Amino acid sequence: MERLQISLPGLEMKNPVMPASGCFGFGKEYGQFFDLNQLGAIAIKATTKEARFGNETPRVAETKAGMLNAIGLQNPGLQGVIEQELPRFDDYDVPILANIAGSTMDDYIEVAAELSQQRNVSAIELNISCPNVKQGGIAFGTVPEIAAELTKEVKAVSAVPVYVKLSPNVADIVAIAKAIEKAGADGLAMINTLLGMRIDAKTRRPVLANQYGGLSGAAIKPVALRMIHQVSQQVDIPIIGMGGIQTAEDVIEFLLAGASCIAVGTANFTDPYTCPNIIRDLPHWLDRLEVQSITDLIGGSWNE
Amino acid sequence: MERLQISLPGLEMKNPVMPASGCFGFGKEYGQFFDLNQLGAIAIKATTKEARFGNETPRVAETKAGMLNAIGLQNPGLQGVIEQELPRFDDYDVPILANIAGSTMDDYIEVAAELSQQRNVSAIELNISCPNVKQGGIAFGTVPEIAAELTKEVKAVSAVPVYVKLSPNVADIVAIAKAIEKAGADGLAMINTLLGMRIDAKTRRPVLANQYGGLSGAAIKPVALRMIHQVSQQVDIPIIGMGGIQTAEDVIEFLLAGASCIAVGTANFTDPYTCPNIIRDLPHWLDRLEVQSITDLIGGSWNE
Amino acid sequence: MRKKQGRLTIVKQTEVARDSYELVLEGELVKHMSQPGQFLHVRVDESEDLLLRRPISIANIDPEKEQVTMIYRAGGAGTKRLAAQRVGTEVDVLGPLGQGFPLEEAKRGEEVLLVGGGIGVPPLYYLGRRLVENGARVTSVLGFASQADVFYEQPFKQLGNVHIATADGSYGAPGFVTDVISQQSLDFDVLYSCGPTPMLKALTARYRERRAFISLEERMGCGVGACFACVCHVENGQAHEYRKICTDGPVFPVGEVVL
Amino acid sequence: MRKKQGRLTIVKQTEVARDSYELVLEGELVKHMSQPGQFLHVRVDESEDLLLRRPISIANIDPEKEQVTMIYRAGGAGTKRLAAQRVGTEVDVLGPLGQGFPLEEAKRGEEVLLVGGGIGVPPLYYLGRRLVENGARVTSVLGFASQADVFYEQPFKQLGNVHIATADGSYGAPGFVTDVISQQSLDFDVLYSCGPTPMLKALTARYRERRAFISLEERMGCGVGACFACVCHVENGQAHEYRKICTDGPVFPVGEVVL
Ligand SMILES: Cc1cc2nc3c(=O)[nH]c(=O)nc-3n(C[C@H](O)[C@H](O)[C@H](O)COP(=O)(O)OP(=O)(O)OC[C@H]3O[C@@H](n4cnc5c(N)ncnc54)[C@H](O)[C@@H]3O)c2cc1C
Ligand SMILES: Cc1cc2nc3c(=O)[nH]c(=O)nc-3n(C[C@H](O)[C@H](O)[C@H](O)COP(=O)(O)OP(=O)(O)OC[C@H]3O[C@@H](n4cnc5c(N)ncnc54)[C@H](O)[C@@H]3O)c2cc1C
Ligand SMILES: Cc1cc2nc3c(=O)[nH]c(=O)nc-3n(C[C@H](O)[C@H](O)[C@H](O)COP(=O)(O)O)c2cc1C
Ligand SMILES: Cc1cc2nc3c(=O)[nH]c(=O)nc-3n(C[C@H](O)[C@H](O)[C@H](O)COP(=O)(O)O)c2cc1C
Ligand code: FES
Ligand code: FES
Numbered sequence: 001m002e003r004l005q006i007s008l009p010g011l012e013m014k015n016p017v018m019p020a021s022g023c024f025g026f027g028k029e030y031g032q033f034f035d036l037n038q039l040g041a042i043a044i045k046a047t048t049k050e051a052r053f054g055n056e057t058p059r060v061a062e063t064k065a066g067m068l069n070a071i072g073l074q075n076p077g078l079q080g081v082i083e084q085e086l087p088r089f090d091d092y093d094v095p096i097l098a099n100i101a102g103s104t105m106d107d108y109i110e111v112a113a114e115l116s117q118q119r120n121v122s123a124i125e126l127n128i129s130c131p132n133v134k135q136g137g138i139a140f141g142t143v144p145e146i147a148a149e150l151t152k153e154v155k156a157v158s159a160v161p162v163y164v165k166l167s168p169n170v171a172d173i174v175a176i177a178k179a180i181e182k183a184g185a186d187g188l189a190m191i192n193t194l195l196g197m198r199i200d201a202k203t204r205r206p207v208l209a210n211q212y213g214g215l216s217g218a219a220i221k222p223v224a225l226r227m228i229h230q231v232s233q234q235v236d237i238p239i240i241g242m243g244g245i246q247t248a249e250d251v252i253e254f255l256l257a258g259a260s261c262i263a264v265g266t267a268n269f270t271d272p273y274t275c276p277n278i279i280r281d282l283p284h285w286l287d288r289l290e291v292q293s294i295t296d297l298i299g300g301s302w303n304e
Numbered sequence: 001m002e003r004l005q006i007s008l009p010g011l012e013m014k015n016p017v018m019p020a021s022g023c024f025g026f027g028k029e030y031g032q033f034f035d036l037n038q039l040g041a042i043a044i045k046a047t048t049k050e051a052r053f054g055n056e057t058p059r060v061a062e063t064k065a066g067m068l069n070a071i072g073l074q075n076p077g078l079q080g081v082i083e084q085e086l087p088r089f090d091d092y093d094v095p096i097l098a099n100i101a102g103s104t105m106d107d108y109i110e111v112a113a114e115l116s117q118q119r120n121v122s123a124i125e126l127n128i129s130c131p132n133v134k135q136g137g138i139a140f141g142t143v144p145e146i147a148a149e150l151t152k153e154v155k156a157v158s159a160v161p162v163y164v165k166l167s168p169n170v171a172d173i174v175a176i177a178k179a180i181e182k183a184g185a186d187g188l189a190m191i192n193t194l195l196g197m198r199i200d201a202k203t204r205r206p207v208l209a210n211q212y213g214g215l216s217g218a219a220i221k222p223v224a225l226r227m228i229h230q231v232s233q234q235v236d237i238p239i240i241g242m243g244g245i246q247t248a249e250d251v252i253e254f255l256l257a258g259a260s261c262i263a264v265g266t267a268n269f270t271d272p273y274t275c276p277n278i279i280r281d282l283p284h285w286l287d288r289l290e291v292q293s294i295t296d297l298i299g300g301s302w303n304e
Numbered sequence: 001m002r003k004k005q006g007r008l009t010i011v012k013q014t015e016v017a018r019d020s021y022e023l024v025l026e027g028e029l030v031k032h033m034s035q036p037g038q039f040l041h042v043r044v045d046e047s048e049d050l051l052l053r054r055p056i057s058i059a060n061i062d063p064e065k066e067q068v069t070m071i072y073r074a075g076g077a078g079t080k081r082l083a084a085q086r087v088g089t090e091v092d093v094l095g096p097l098g099q100g101f102p103l104e105e106a107k108r109g110e111e112v113l114l115v116g117g118g119i120g121v122p123p124l125y126y127l128g129r130r131l132v133e134n135g136a137r138v139t140s141v142l143g144f145a146s147q148a149d150v151f152y153e154q155p156f157k158q159l160g161n162v163h164i165a166t167a168d169g170s171y172g173a174p175g176f177v178t179d180v181i182s183q184q185s186l187d188f189d190v191l192y193s194c195g196p197t198p199m200l201k202a203l204t205a206r207y208r209e210r211r212a213f214i215s216l217e218e219r220m221g222c223g224v225g226a227c228f229a230c231v232c233h234v235e236n237g238q239a240h241e242y243r244k245i246c247t248d249g250p251v252f253p254v255g256e257v258v259l
Numbered sequence: 001m002r003k004k005q006g007r008l009t010i011v012k013q014t015e016v017a018r019d020s021y022e023l024v025l026e027g028e029l030v031k032h033m034s035q036p037g038q039f040l041h042v043r044v045d046e047s048e049d050l051l052l053r054r055p056i057s058i059a060n061i062d063p064e065k066e067q068v069t070m071i072y073r074a075g076g077a078g079t080k081r082l083a084a085q086r087v088g089t090e091v092d093v094l095g096p097l098g099q100g101f102p103l104e105e106a107k108r109g110e111e112v113l114l115v116g117g118g119i120g121v122p123p124l125y126y127l128g129r130r131l132v133e134n135g136a137r138v139t140s141v142l143g144f145a146s147q148a149d150v151f152y153e154q155p156f157k158q159l160g161n162v163h164i165a166t167a168d169g170s171y172g173a174p175g176f177v178t179d180v181i182s183q184q185s186l187d188f189d190v191l192y193s194c195g196p197t198p199m200l201k202a203l204t205a206r207y208r209e210r211r212a213f214i215s216l217e218e219r220m221g222c223g224v225g226a227c228f229a230c231v232c233h234v235e236n237g238q239a240h241e242y243r244k245i246c247t248d249g250p251v252f253p254v255g256e257v258v259l
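Chains as they are written, first to last, in full-length UniProt numbering: chain A, 1 to 304; chain B, 1 to 304; chain C, 1 to 259; chain D, 1 to 259.
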């Protein structure tokens with residue numbers, strides 16, 4: 001399986017496939033369906049300083065080829081994650097990417113400092129883009145200077161490499177990516193969800209209790225590919241690509257666009273075996289494209 | 001059919017349904033399928049100063065529940081539109097919304113001044129958001145000050161009301177909408193397409209010759225609804241809503257979000273009878289919702 | 001690793017009441033199903049415009065034939081498409097999922113009241129069958145909107161007494177299930193219920209201190225506990241306390257969670 | 001207003017070569033079809049993940065039975081789904097669309113050469129039938145990738161001489177259609193062709209000054225001239241001059257448009 005291997009800051013991956021943050025809990029649920037050791041890495045649900053309930057329900061809505069979510073970063077909080085969730089990964093040999101979020105810069109710094117020191121945390125994914133948190137969150141992701149400052153602060157305290165997860169709800173994704181690279185990020189994760197809504201024609205009300213939610217799934221794939229294509233040509237740090245990936249063919253598209261590895265979010269809900277199926281199918285695609293290793297494909301749509 | 005009537009600046013509409021610019025040519029093609037007089041209005045293809053061929057092909061690509069286009073504003077130019085296209089509407093009794101585009105402010109002004117004086121042009125739709133024009137175009141739509149200036153200039157020369165068509169590829173749609181309202185726009189049209197791409201896994205190349213294109217269709221509906229919901233609560237001018245509308249139920253969602261009328265783009269390609277079918281079905285929805293007129297629904301998701 | 005996903009074949013699909021379909025699926029996965037009140041997370045079809053599965057309760061199981069029955073209302077886009085599928089088609093099913101009704105709560109000879117509302121009725125049928133097997137005495141109170149919506153009256157009659165209520169009075173007693181319970185002065189040792197939230201609220205108000213169990217609904221993403229879509233608050237719990245309906249429920253003791 | 005959309009019923013769907021399907025549809029819309037080289041814009045199914053129709057040429061028409069035949073390669077997502085549809089299913093069709101092959105160009109007794117490549121072969125069959133009816137003498141040169149891809153050899157034989165070429169030499173003459181034309185010194189009064197662009201380019205280079213007509217392909221949106229997706233440049237035209245393949249074509253005189 002060497003053909004699928006990829007080595008990124010903090011993440012020694014057997015293959016380029018990881019479940020996306022928030023779509024795989026803290027791992028145990030899908031562990032009932034397949035052996036998590038098959039995965040290249042696991043991005044776990046966002047951790048905040050305090051335990052959060054998140055938004056009221058309904059928190060998800062279906063859209064054509066996509067879904068909206070407004071979970072609102074529900075999680076057991078920093079101590080809860082450290083005590084209840086992380087120890088379970090002792091039994092596995094798979095790098096963990098710990099997604100972190102907060103409403104103030106201090107929150108982020110505190111969570112990053114402590115979480116990054118835990119065994120089982122291989123890298124930090126800095127979620128500066130969650131569209132469902134009312135205060136703070138969203139602004140971090142749309143202004144290059146603020147994104148850069150947050151990156152710098154978190155890098156300063158983190159014991160492991162830091163990936164910054166970008167919001168697609170911006171006019172100039174390249175400006176933000178470059179600012180974050182300059183601020184010392186080890187990598188980027190893109191994209192988070194597009195802000196959207198549904199209205200129930202019968203009740204005349206927004207379907208989500210929170211009104212707006214993040215759009216994910218196949219619907220957003222073209223936006224994700226475009227942004228990765230733009231950014232990967234302008235930065236030198238690796239990109240974890242995501243947004244609507246369902247199949248190995250989708251993964252090839254993301255690698256060609258410029259991603260170094262990928263994450264699968266919504267598709268886990270449609271089919272819990274999406275990740276292992278992709279991992280099974282990737283070698284056939286390498287054969288078909290007559291390349292030895294997935295690393296030969298990264299950026300292949302523009303660097304050849 | 002009075003229940004469906006809506007009166008907007010320059011547009012006295014029998015019903016709130018018009019085909020969207022670029023998806024209905026200059027009308028004659030779909031005139032083979034149904035009587036265009038059924039429509040509330042018609043938004044015709046963008047007119048530029050000079051005739052344009054547009055981008056090379058392939059110019060369209062399919063995506064899940066959506067499509068990408070990179071037509072590149074092909075049109076016969078100002079004189080061509082005036083001489084060959086507009087006279088055909090003499091035979092119809094339906095308001096025409098003339099979409100205009102350009103690469104410089106002067107281009108816009110010249111086209112607006114002349115086109116707005118033509119009989120058969122009821123209002124101007126200022127396309128400041130076409131993502132496929134390389135120079136100029138995109139910047140107009142993402143910076144509030146520039147969008148406002150362009151609006152002001154065009155308003156100054158236009159003989160008919162001016163609707164400004166917004167780009168969704170921005171972080172703060174409300175800021176742009178407010179700047180445009182302040183600059184004197186009579187209405188807004190939203191949304192144009194999201195910038196996206198597809199890569200062909202087999203050839204390893206972007207599917208579109210232009211690499212990037214505009215994403216339209218059902219996939220983008222949640223983004224359109226969210227933006228209209230945000231903007232309609234902050235401006236007092238009417239909004240022409242669009243983005244993925246396929247059915248009368250979709251139209252109800254857009255009216256409830258805050259649109260005063262709607263446009264149908266991509267769905268015409270899937271089913272040429274989409275507009276007349278929606279017009280046929282809307283009264284049933286009014287009955288079901290127990291309202292007399294579509295105007296009772298505008299903004300109904302937030303103003304009740 | 002216990003197998004939780006499979007492709008089952010449609011062996012029967014019939015409209016049993018207005019817009020309500022009885023769907024019988026056959027396949028190996030049925031082996032793993034036995035707990036009443038659990039649900040299946042059903043993929044509508046292979047096309048990719050409806051990405052989310054639909055949670056539907058198990059209404060009956062025939063272990064011999066490896067068949068499972070669901071009864072569902074074709075209301076929205078997904079269930080309508082499911083209803084159009086013909087015998088012989090394969091359906092992708094995740095399950096059985098969740099914590100069902102606690103059978104062991106009702107001892108041999110005890111009086112059980114099953115209270116179902118509308119499309120909440122189906123899981124009570126398999127529950128009733130299992131309770132009767134265990135020697136409990138079952139009375140069912142089933143509420144529907146109107147006569148056209150009534151289904152499974154006969155099968156429930158084979159389990160014990162059945163009271164039907166319709167909101168518009170077109171069949172059975174007029175009114176709600178709670179009206180019937182009052183009028184008939186029905187009592188019980190254990191109550192199990194599934195139906196619309198207002199009904200569950202009314203039952204909770206009455207029977208908070210009793211041995212009563214209710215099954216809840218919420219919009220779901222994963223159905224397996226991974227996405228946090230389906231949570232509810234805990235009564236008298238801390239602000240961030242929650243239960244997941246998909247894995248902690250859908251059945252809860254009355255009064256445990258906030259409705 | 002001429003009716004251009006209809007729901008046709010699948011009466012036959014068979015694999016005639018590797019991944020190539022012959023689809024026969026029946027319905028009233030067929031009445032409006034008569035011109036060889038026109039195409040139908042086919043909606044794959046009712047689900048909403050594939051919004052664009054697929055353009056597929058008319059390969060044959062039976063006006064009596066109101067049946068139209070198409071032959072298509074199940075290559076991508078949409079055509080694969082189409083191929084999975086069973087007899088009895090309805091298919092939503094727009095058409096007939098475009099300008100087909102000019103039948104009147106070949107006079108009674110003239111020599112016609114039909115040159116088809118791969119999945120460009122189908123429209124030539126109905127064209128050939130109509131030409132033979134008109135008294136023209138038809139020779140067909142059909143190129144395929146390999147033996148497994150060959151279809152409709154027998155039907156074409158009923159129209160006149162047939163030469164098959166396969167790129168890998170596994171059947172007929174090895175090489176391309178142009179090799180066969182050279183080796184066999186085939187000449188003609190009128191040539192009609194449909195196939196991959198390199199083939200059309202080679203034919204254009206040879207026969208620019210002759211009575212020759214070629215059918216082009218391009219990705220389409222509307223299929224009816226409204227979206228400007230399918231344009232091509234005009235040879236020696238102005239920079240902004242164009243033809244739309246969906247309405248001005250798909251058939252053009254050789255040399256009219258840039259390939
Ligand atoms: C544990 C559980 C058991 C259920 N058992 C049954 C049953 O036995 N029979 C039955 O008819 N219904 C049952 N339901 C409700 C059923 O899931 C919904 O009616 C169905 O999902 C609606 O899908 P749709 O395609 O008709 O609607 P759409 O409007 O197309 O659905 C859009 C999205 O919203 C979700 N959704 C809409 N309504 C509901 C709802 N009431 N509950 C949960 N999700 C919803 C859908 O799953 C989908 O993700 C159950 C729900 C839960 C949570
Ligand atoms: C006028 C005309 C006549 C045609 N006649 C036939 C025929 O008789 N038999 C046949 O097998 N094929 C024919 N084609 C080609 C056929 O349209 C494509 O093979 C088909 O659209 C591919 O769809 P898919 O679902 O397999 O591929 P996908 O990759 O899923 O298609 C994605 C999108 O690209 C478009 N597309 C992909 N390839 C092509 C192509 N080569 N030409 C045009 N659009 C394409 C599709 O229409 C769709 O919009 C014709 C094309 C044109 C323009
Ligand atoms: C239910 C749900 C919860 C999510 N939670 C988080 C989260 O906690 N942190 C985060 O960075 N992204 C979160 N995301 C975003 C995903 O990680 C991913 O970026 C996005 O869904 C796009 O990928 P997809 O289209 O494959 O789902 C969430 C997405 C979904 C659908
Ligand atoms: C093929 C195509 C061409 C378009 N051309 C134009 C155009 O010339 N001017 C314009 O303002 N918008 C243009 N648009 C955008 C549409 O008018 C509309 O804003 C967008 O497609 C979203 O609506 P929909 O999802 O219903 O298609 C075009 C869209 C498509 C698909
Ligand atoms: S549905 Fe995902 S946690 Fe319950
Ligand atoms: S496909 Fe729309 S103009 Fe030809």
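One or more hints might be untrue.
As the list claims (entries may be wrong) - Cross-link-like lysine-lysine pairs, in silico, DSS-like; alpha carbons within 30 Å at most:
{"hint": "1", "chain 1": "D", "residue 1": "K80", "chain 2": "C", "residue 2": "K80"}
{"hint": "2", "chain 1": "C", "residue 1": "K12", "chain 2": "C", "residue 2": "K157"}
{"hint": "3", "chain 1": "D", "residue 1": "K31", "chain 2": "D", "residue 2": "K107"}
{"hint": "4", "chain 1": "C", "residue 1": "K4", "chain 2": "C", "residue 2": "K80"}
{"hint": "5", "chain 1": "D", "residue 1": "K201", "chain 2": "C", "residue 2": "K4"}
{"hint": "6", "chain 1": "C", "residue 1": "K31", "chain 2": "C", "residue 2": "K4"}
{"hint": "7", "chain 1": "B", "residue 1": "K28", "chain 2": "D", "residue 2": "K4"}
{"hint": "8", "chain 1": "B", "residue 1": "K49", "chain 2": "B", "residue 2": "K152"}
{"hint": "9", "chain 1": "A", "residue 1": "K155", "chain 2": "A", "residue 2": "K178"}
{"hint": "10", "chain 1": "D", "residue 1": "K80", "chain 2": "B", "residue 2": "K202"}
Rather than coming from a laboratory, the hints here were simulated on the basis of the structure.
What you are looking at is a predicted structure, and each value in this text was computed from that prediction instead of being measured.
Results of checking the hints against the structure:
1. Taken as a hint, the K80 (chain D) and K80 (chain C) pair is honoured in the structure, with Cα atoms around 24 Å apart against an allowance of 30 Å.
2. Between the alpha carbons of K12 (chain C) and K157 (chain C) the distance comes to roughly 22 Å, so the proposed pair stays at or under 30 Å and holds.
3. For the given pair, K31 (chain D) sits about 26 Å from K107 (chain D) by alpha-carbon distance, which is consistent with the 30 Å threshold.
4. Taken as a hint, the K4 (chain C) and K80 (chain C) pair is honoured in the structure, with Cα atoms around 25 Å apart against an allowance of 30 Å.
5. For a cut-off of 30 Å, the pair hint linking K201 (chain D) to K4 (chain C) is broken: about 56 Å separates their Cα positions.
6. Taking the CA atoms of K31 (chain C) and K4 (chain C), the gap is about 11 Å. The hint holds against a cut of 30 Å.
7. This hinted pair checks out: K28 (chain B) and K4 (chain D) have alpha carbons roughly 14 Å apart, not beyond 30 Å.
8. Between K49 (chain B) and K152 (chain B) the alpha-carbon distance is near 19 Å, which keeps this suggested pair within the 30 Å criterion.
9. Restraint check for K155 (chain A) and K178 (chain A): the C-alpha separation of about 16 Å stays at or below 30 Å, so the hint holds.
10. In summary, the hint linking K80 (chain D) to K202 (chain B) is supported, as the alpha carbons are separated by about 17 Å, within the 30 Å threshold.
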